[in-house]
Amino acid sequence: MPKLVIEISHSPFGHENAYAALFAAMAWSSMGNEVTVVLRGEGVHTARKGQVDPFANINLPSTEKQVNELLEVGGRVVADRQALQIRGIRAEDLIPGAEVLDPEEIRRVMMECGERFLSF
Amino acid sequence: MVESSKKKTVTMMLFSAPFGSQYADHLCRVAERALDKGYAVEIFLYSDAVHAQMTEQNPKLFFPVGEAVKRLIEKGATIKSCEICSIARGYIKGELKDGKKDYSSTKVINGVNFCSIYGFVDMLSRADRVLSFGGS
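The listed protein sequences correspond, in order, to chains S and F.
Under our numbering, the first residue of the first sequence carries the number 1, and numbering increases by one thereafter.
Under our numbering, the first residue of the second sequence carries the number 121, and numbering increases by one thereafter.
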């Protein structure tokens, strides 16, 4: 199964990056391919649960909804533990199903699954 | 020079608009070098990067991205632009016209084509190498 790693390092809403990255991840996954989304730096905010309907409030898509949809179709979402800790975000603040990995584990995921790699 | 029977495809995604950063410049330079070496080059313009397709760009001091895009097309690069990103930014209407989507535009460099995100997925699927410019 062809593999793709997508890295998100921007927070949602301020930039289009997270939304566009998840849009591409969903399309790749829906074609029967394997995708891993890696959240680093400010990108860890992408998987925060409890987003209050961003579309209704600020006309921007909910990355919580996108992450949930991606997880439902078998996509993998991993967040950098160090980036979470620095920002005071706990594992339980994340959408269920999103994984928290140490930087070394993330490096391993990228090496094993990143035959194709996109950075957002 | 890569032999034609062994021609490999380099697929490049551009995510940033020209001039605000050098990502478009770098992509154009790398793409042209890859074409000169005999690689097939496919480029996807995503998000603000669709501005690279604009006609009549006239940067006085910056790298001439529009001219580079034209040259890449002349040299055989495939350039596809995100359809909904281009509709959002007013380049095309994308409405159905006689059963086909209307991609006609005077604002887009000749030879730039449009596709959905699934078109980009196809490009990624057949790529031998993937390069990403401007996402982070």
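Calculated from the structure, these hints are not laboratory results.
Being a predicted model, the structure only gives us computed values, none of them experimental.
Please note that the accuracy of each hint is not assured.
To be verified - DMTMM-like, lysine to aspartate or glutamate: derived pairs with alpha carbons at most 25 Å apart: (1) K157(F) / D218(F); (2) K195(F) / E176(F); (3) K200(F) / E34(S); (4) K213(F) / D248(F); (5) K227(F) / E16(S); (6) K3(S) / E194(F); (7) K65(S) / E203(F); (8) K200(F) / D53(S); (9) K128(F) / D93(S); (10) K126(F) / D93(S); (11) K180(F) / E203(F); (12) K3(S) / E176(F); (13) K213(F) / E16(S); (14) K227(F) / D156(F); (15) K127(F) / E115(S); (16) K157(F) / E115(S); (17) K49(S) / E69(S); (18) K65(S) / E104(S); (19) K200(F) / E105(S); (20) K128(F) / E112(S); (21) K128(F) / E69(S).
Hint check:
1. With a CA separation close to 41 Å, the supplied pair K157(F) and D218(F) exceeds the 25 Å bound.
2. Under the criterion of a C-alpha separation no larger than 25 Å, the hint pairing K195(F) with E176(F) is consistent with the structure, at around 20 Å.
3. At most 25 Å may separate the alpha-carbon atoms for a hinted pair to count; K200(F) and E34(S) meet this at roughly 23 Å.
4. Distance restraint check for K213(F) and D248(F): the Cα-Cα separation of roughly 33 Å exceeds the 25 Å cut-off, and the hinted pair is therefore not satisfied.
5. Between the alpha carbons of K227(F) and E16(S) the distance comes to roughly 23 Å, so the proposed pair stays at or under 25 Å and holds.
6. About 32 Å separates the Cα atoms of K3(S) and E194(F), which puts this hinted pair outside 25 Å; it is violated.
7. Among the hinted pairs, K65(S) with E203(F) is consistent with the structure: their alpha-carbon atoms are about 23 Å apart, no more than 25 Å.
8. About 32 Å separates the Cα atoms of K200(F) and D53(S), which puts this hinted pair outside 25 Å; it is violated.
9. In summary, the hint linking K128(F) to D93(S) is not supported, as the alpha carbons are separated by about 44 Å, beyond the 25 Å threshold.
10. A distance of roughly 49 Å separates the Cα atoms of K126(F) and D93(S); the hinted pair therefore is violated under the 25 Å criterion.
11. Among the hinted pairs, K180(F) with E203(F) is inconsistent with the structure: their alpha-carbon atoms are about 29 Å apart, more than 25 Å.
12. Distance restraint check for K3(S) and E176(F): the Cα-Cα separation of roughly 39 Å exceeds the 25 Å cut-off, and the hinted pair is therefore not satisfied.
13. With a C-alpha separation of about 21 Å, the suggested pairing of K213(F) with E16(S) holds against the 25 Å cut-off.
14. In summary, the hint linking K227(F) to D156(F) is not supported, as the alpha carbons are separated by about 28 Å, beyond the 25 Å threshold.
15. Restraint check for K127(F) and E115(S): satisfied, since their Cα atoms lie roughly 19 Å apart, inside the 25 Å limit.
16. Taking the CA atoms of K157(F) and E115(S), the gap is about 23 Å. The hint holds against a cut of 25 Å.
17. Using a Cα cut-off of 25 Å, the hinted pair K49(S) and E69(S) holds, with the two alpha carbons roughly 13 Å apart.
18. Between K65(S) and E104(S), the direct Cα distance comes to roughly 28 Å. Violation of the 25 Å bound is thereby established for this hinted pair.
19. Straight-line distance between C-alpha atoms of K200(F) and E105(S) comes to about 35 Å, which puts the hinted pair past the 25 Å bound.
20. As the CA atoms of K128(F) and E112(S) are separated by approximately 22 Å, the hinted pair is consistent with the 25 Å bound.
21. At most 25 Å may separate the alpha-carbon atoms for a hinted pair to count; K128(F) and E69(S) exceed this at roughly 34 Å.
Of the numbered hints given earlier, the model fails hints 1, 4, 6, 8, 9, 10, 11, 12, 14, 18, 19, 21; all others are met.
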